[in-house]
Each structure stands twice: as C-alpha cells, then as structure tokens.
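Chains as they are written, first to last, in full-length UniProt numbering: chain E, 1 to 132; chain H, 1 to 533.
None of these hints come from the bench; they were simulated from the model. The model shown is predicted, which means the values in this text are computed figures rather than measured ones. Just so you know, even glycine gets a beta-carbon here, dropped at the ideal spot from N, CA and C. You may find that some hints are simply not true.
[Claimed, not checked] Cut-off 35 Å, straight-line C-alpha distance, at most; resulting in silico cross-link-like pairs (DSBU-like, lysine-lysine):
id, chain 1, residue 1, chain 2, residue 2
1, H, 416, H, 104
2, H, 104, H, 380
3, H, 294, E, 49
4, H, 456, E, 43
5, H, 331, H, 59
6, H, 104, H, 331
7, E, 28, H, 265
8, H, 142, H, 416
9, H, 331, E, 43
10, H, 265, H, 193
11, H, 305, E, 49
12, H, 486, E, 49
13, H, 78, H, 104
14, H, 116, E, 43
15, H, 331, H, 101
16, H, 104, E, 49
17, H, 380, H, 265
18, E, 49, H, 331
19, E, 49, H, 328
20, H, 361, H, 305
21, H, 494, H, 298
22, H, 361, E, 118
23, H, 166, E, 28
24, H, 101, E, 43
[What the hints assert, rightly or not] Across the chosen pairs, the derived CB separations fall in these ranges:
id, chain 1, residue 1, chain 2, residue 2, range
25, H, 400, E, 60, 26 to 34 Å
26, H, 202, E, 87, 41 to 49 Å
27, E, 120, H, 494, 29 to 37 Å
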Amino acid sequence: MRTALLAAALVTGTFLTTAPALAQDVAKGQDLFNHKCAACHQKTGLGVKGAFPALAGDPFVVGDPELVVRTVLQGRGGMPTFAALLSEDQLADIISYIRQAWGNSAPAVNAGFVVTVKTNAHPQDKAPTVTH
Amino acid sequence: MPAMTELPGAGVTRRHFLEKAALLGGSAMVMTALNAWGAGIASMTSAPPALRGSGAGHKLLILGAGVAGMTAAYEMSKLGYQVTILEARAFGGGRCQTARKGFKLTELGGEEQECKFDEGQYLNHGPWRIPFCHRSTLHYTKTFGIPLEVLVNENDASYARFDTVKGPLAGKRVRQFEVRADMRGYTSELVAKAATSGKLDTGLAKDDVELFVEYLRGEGYLENDLSYRGTEGRGYKVNPGAGIDDPGPGVPSTPYAFPDLVQSKLWRMVQSVGTFDQQHTMFQPVGGMDRIAKGFEKHVGHLIKYNAEVERIRQSDGGVTVDYLDTKTGKRSTISADYCLCTIPVSVLRTIDADFSDTYKQAMALLSYDPVCKIGLQMKRRFWEEDDAIYGGHVYTDAPGINLISLPSSGWQSAKGVLLGYYMFGADATDMSGNTPAERTAIALDVGQRIFPQYKENFETSFSASWHLIQYNLGGWGNWSAEARKVAYPVLNKPDRRIYLAGEHISYIGGWQAGAIESAWHQIAQIHQRVAA
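With the hints as extra help, turn the sequences into a complete structure.
If you want it as structure tokens, here you go:
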C-alpha cells in the first residue's frame, strides 16, 4: 500500500495533505505515542518544563503538518529521528493522535503524506550515533 | 566451498570482488552496536597548553563542574586566575558518574531509583572506557595518581547470537572466535585460489602474487591446497589436556558452512582492526569512572559552588554576570567575572535565559543530542566466568536496540558482578526510557536469558539511566550533523563576547572525556592569550 501511495505521489505530484482520521488510527496512535514518545513528552502531552516541550496546546503541533512530520522524521534538538524505527502508517497514527489529543484540534495526516515528506527529507540531517 | 563460477558474474571484475572481500568487516557499521568501530576519532593532544605569564587579578567564572569545567579550573587556577565554578549538582563530574550502593537518580517524569548493588559493585552509567589514544584523559589519570586497569573491549571467546537473520545459524549462540576464524578462512581461501589460478587481477608481479598467497595462507589458516578446514583458534569440541585420549589431544571443532555464515550476518562483528579509539589497550579507573571526577575535585573542589543552578546569563562590555539559585536553600545570588567558560551541555544551555547573539543561538539550535540508555544488572554469581570461561568483553545480540551486553573487567573470579545489560541510542533509547525501571529490567533480562540460561536465576538488582531524561544533561552527548558541523560548530568554537564554550560537544572527540578535556585546553589558551594581549 505504501509503495502504491508513493508511486501515486510521484506520478501526480499531488497529495491530500490531510484526511479525516479514522477512530482506530488515533487509538493506535495513542498507544504508540505512550510507548515511543511519552518518556519525554509525557502521556499528558504536557512535556517537562525546561526540558521537553508540551505538545498539548502547542501551535506548532496543530500547525503546518509538513513541519510536524519532518520533525518526527528527522529529529530536532534532543529528539532522535524516528524515520527508521516507525513505519509511515505508524507515524501517521501518532501525528494524527497528537494533533487531536488533549484538546488539540487539527486535521489528521495520512501515511501517504508522511511518504511524501519523507521522500523530500534530507536523510543526513542527523549523523549516525557512534558509541563511546 | 563454492566454485569460482559462483563469484560475482558479468560486469563485476575480480578486483572488484577482492575489494568487496576486503570490506567484509566494513558492514559492521550497519549495526549501531558496532558503530564502536565506525568512525576513527582520536585525541592526539597529550598535555595541557604551555601557558606563560599570570592570570592574577582576572576573574574566571566556569559554569559546570564536569570534566571540562574542572580541567579549566585546575589549569587556570595554577596560572593565578581567580576561578569560581557553579555546579548545579551536589557533586562534581558532570556525566562522569558511577552508580554504586546508595546512589540516587530520578529521571525527568520518572520514579526515584536508589542503587542497591552490593558494596564494591558499580556501574559506570556515563563514560566507561578510556582508549589508549586518549592521551589527554590519561594525562590527568597519571597526574592525579588514579589507578587504571584494563577494560576488556574485545573478547574472541565471548558469545554472539543473532535471531533476526536467515539460515541455520539464526538463533544459535556462537563464540565470536568461530565466526572470525571461519569468515577470514573462507575469504582467504576464495582469494588465494582465484589469485593462483589467474582469475583475479591482483595487479601484482608473479613473485609478489606468491608472497600475497603466503599472507592469505597465514591470515586464513589455509591448508597446502589453499582450503580452509578450520583452526584451533576457533576453539575445540573437547579441549586438549593430559592423558592419552581423555581428553589427550582433545577434539577439534568443525567450521560452520560458508553459506550459513554469510546468511547469519554474524560477520558484522568481524573487522581487521577496530577504529582507533576502540582498540587494545582500553582502560578503566579501578573502582569506577568517577575516580576521575574525584581526582579533579580533590584539587579544585574548593573552587566549586555546589547546588548552584544557573538561571540567567548576561554580558556587558566589562564582564559576565550570572544569576543562580541555590537549590538547597532556595537563595538566589549573582556573580560577576571578567570571562566565563560555559561547559553546560547545549541541550540545557539553550533552555537558560541568556543574552547570546542571534548567531550564537541559531548555532546552538543546530546541535542535536543523542538519547542514550544503560542498565546495570547485579548477578549473584559470575556464571559467564565460572561456566562459560568468558572474562570481560562484549556479548553481541541483534535484539532490537540492545546492541550489546558487556561483562565486567573488574573483580575477576569474585562472588558477584554487575554487567551492562544494554547500551542503547537514538529512538531505541527513547523507547526503552519510556518504561519504568522494573520494566526495563524485565526486557534486559529476557534478552540476556536468550544468551545465558543462567541469567534470570542469578539476577539480584538493577540500576538504569537514560541520559536524555537526566536533568542538567538532557542527552548523552552532542551529535553534529555534517551540515551543523560545517555552519554551527565554528561559531560555537569562538566566544560570544566574553563567554567561551567547552565540553565534549566543542571538539571532534564527541562523547568522550578527552573531548571535554581538550576543548577546555583549547579555550583556556584562547582566554589567556586575550588576557595577556
């Protein structure tokens, strides 16, 4: 399915950036968020003051979906890249969840959109980790 | 052995194959576990800068009593500078910490852990290795008389087990020497046979080809017919001993089949030599890495204000002013100095109210920090030594993100031991850190149990650390992307007016104590030069 979406994106060059979130997407997204993201951002979405930004009520999270997807793919500051660890479907579920949880209200994103952003992303934005 | 026809076919030259063969070990870099061997970064500076003159009458404020801050304090106070260090923690060392009985840690958003290891047991949850080439770190261990011992960083007799691979070796525990011997043996056989049959363009004169084959014969333990059929170096089925036949000469082991080995991907462990900073000889301080922190503190402890959390940084034409909070008393104070060396990790520094220039702030924003996790597991019996004859070194696994299990290089043959149960990075580390300490322990035990059946029954107590969740660090170490290294790193190497940065992140020896020390050396030389001018 992912390949098909990618092919579609490449052929038409267009994408629905957002789609109505299916209930199960957000539920899956919540579960993934609680496992993969809550260590820093907390299950409450409130983050840790002075260390990890709150996602609840954050204009960035409910803003331009491309920037949100890009951040999760590439990492930023102390945040690692999740491009290799999570599938496009999983990333779409998580991002849809954080855009609609804790009183946030923004359209969900679909896997195809994540694929598009990933295709345009710079893979070397973070250097590989070297052990010490 | 496969026939030559099974070598890469049309369009691929024999030389290309040779290059491929030589690069077999290079695939180690695919695994983060073996990124230890990935990039050669080494410290070549062996002594502090020889600074002349005096710093008397000049105030130097150092932020952070980690290895960088204490290095600067030690050297600059010797020159006569009036040095003060503000340290947010109640102890010096920064990330140079050792967890032993009574050590407490509460990660951000997490529950408090108190280390319950037995007396004498410890985990270096921060830095744990000192490579032979880090002459700057070794300069201070020598200067402060800190006893060192060898850390076994490679152990051929140790185990590996890969589960997510194909073939008969999937899920099978092997000794690393079996894989090393067999991969080099088979590869040498292929190359030697090709070279002697004229099927390989070696670019060598005929006499030199003979020398080359002689090398391959030794490298790969080849028989007279240039075949690899095993070697005692890969271990025995029954070790030799006394008597005539029990065990007498012992029973040799049989090599794994070449296709099975190739499919197993166990060759990820094999490389001719490690990168410069992972080779023999690797050291550790006797008793724990924080012996280094204590060594510095013995000399500069009187200059440190502990529990002093920096809240605000301001500069004027005449100096630097820093507001800080005494986290014990709640009292707020202000301190001024002529110059400031700031060793606070940038992950933390960018959350502090500071009047750095926009250029400086933008540069700081480009530096990312690596999430890093470790866990120490105390075992009531050193079964890896007693049952398996493995003394130190690492066990390799492809369990997701775990990378390695490392066996202790101290307390040989004693009753108990603390082993490193995982060493995780990046998204795997953030994933692990979302678990409670008890959940982390359960995951680590499941992984170890697959390799050692004695694992769970011997487990007693654990201590885990997630550096990205540790206040005053917010990450294991700085991670410069190629782009950030190009545009931001040079900016942060220069001062913002009277503030200079130091720490592992202001070096090309990132994540190592040598990087912290040498960045301090580099920056104090700049400060002193400016003062003397």
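Now for the hints, and whether the structure bears them out:
Proximity of residue 416(H) to residue 104(H) is assessed by CA-CA distance (about 21 Å); at most 35 Å being required, the pair is judged to hold. Only pairs whose Cα atoms come within 35 Å are accepted, and residue 104(H) paired with residue 380(H) is accepted, the gap being roughly 22 Å. A distance of roughly 31 Å separates the Cα atoms of residue 294(H) and residue 49(E); the hinted pair therefore holds under the 35 Å criterion. With a C-alpha separation of about 31 Å, the suggested pair residue 456(H) and residue 43(E) falls inside the 35 Å cut-off, and the hint holds.
Restraint check for residue 331(H) and residue 59(H): the C-alpha separation of about 23 Å stays at or below 35 Å, so the hint holds. Pair hint residue 104(H) plus residue 331(H) holds up; C-alpha atoms about 24 Å apart against a cutoff of 35 Å. Of the pairs offered as hints, the one joining residue 28(E) and residue 265(H) holds, with about 33 Å between alpha carbons and a cut-off of 35 Å not exceeded. Between residue 142(H) and residue 416(H) the CA atoms are separated by roughly 29 Å; this keeps the pair inside 35 Å, and the hint holds.
Between residue 331(H) and residue 43(E) the CA atoms are separated by roughly 33 Å; this keeps the pair inside 35 Å, and the hint holds. The hinted pair formed by residue 265(H) and residue 193(H) meets the criterion: a straight-line CA distance of about 24 Å does not exceed 35 Å. For a cut-off of 35 Å, the pair hint linking residue 305(H) to residue 49(E) stands: about 24 Å separates their Cα positions. Proposed proximity of residue 486(H) and residue 49(E) is supported: the alpha carbons are some 31 Å apart, at most 35 Å.
Restraint check for residue 78(H) and residue 104(H): satisfied, since their Cα atoms lie roughly 34 Å apart, inside the 35 Å limit. For the given pair, residue 116(H) sits about 29 Å from residue 43(E) by alpha-carbon distance, which is consistent with the 35 Å threshold. Only pairs whose Cα atoms come within 35 Å are accepted, and residue 331(H) paired with residue 101(H) is accepted, the gap being roughly 31 Å. A threshold of 35 Å between alpha carbons decides the hint, and for residue 104(H) with residue 49(E) the separation of about 22 Å falls inside it, so the pair holds.
Distance restraint check for residue 380(H) and residue 265(H): the Cα-Cα separation of roughly 33 Å lies within the 35 Å cut-off, and the hinted pair is therefore satisfied. Restraint check for residue 49(E) and residue 331(H): satisfied, since their Cα atoms lie roughly 21 Å apart, inside the 35 Å limit. Note on residue 49(E) and residue 328(H): the hinted pairing holds, with a Cα-Cα distance of about 20 Å set against a maximum of 35 Å. For the hint linking residue 361(H) to residue 305(H), the alpha-carbon distance of about 27 Å falls within 35 Å, and the restraint holds.
Distance hint between residue 494(H) and residue 298(H) is fulfilled; the C-alpha atoms sit about 30 Å from each other, no more than 35 Å. At roughly 28 Å between alpha-carbon atoms, residue 361(H) and residue 118(E) fall within 35 Å of each other, so this suggested pair holds. With a CA separation close to 31 Å, the supplied pair residue 166(H) and residue 28(E) stays within the 35 Å bound. Between the alpha carbons of residue 101(H) and residue 43(E) the distance comes to roughly 32 Å, so the proposed pair stays at or under 35 Å and holds.
At roughly 30 Å, the beta carbons of residue 400(H) and residue 60(E) sit within the given window of 26 to 34 Å. Look at residue 202(H) against residue 87(E): about 46 Å separates their beta carbons, and that is inside 41 to 49 Å. For residue 120(E) and residue 494(H), the hinted distance range of 29 to 37 Å is satisfied, since their beta carbons lie about 34 Å from each other.
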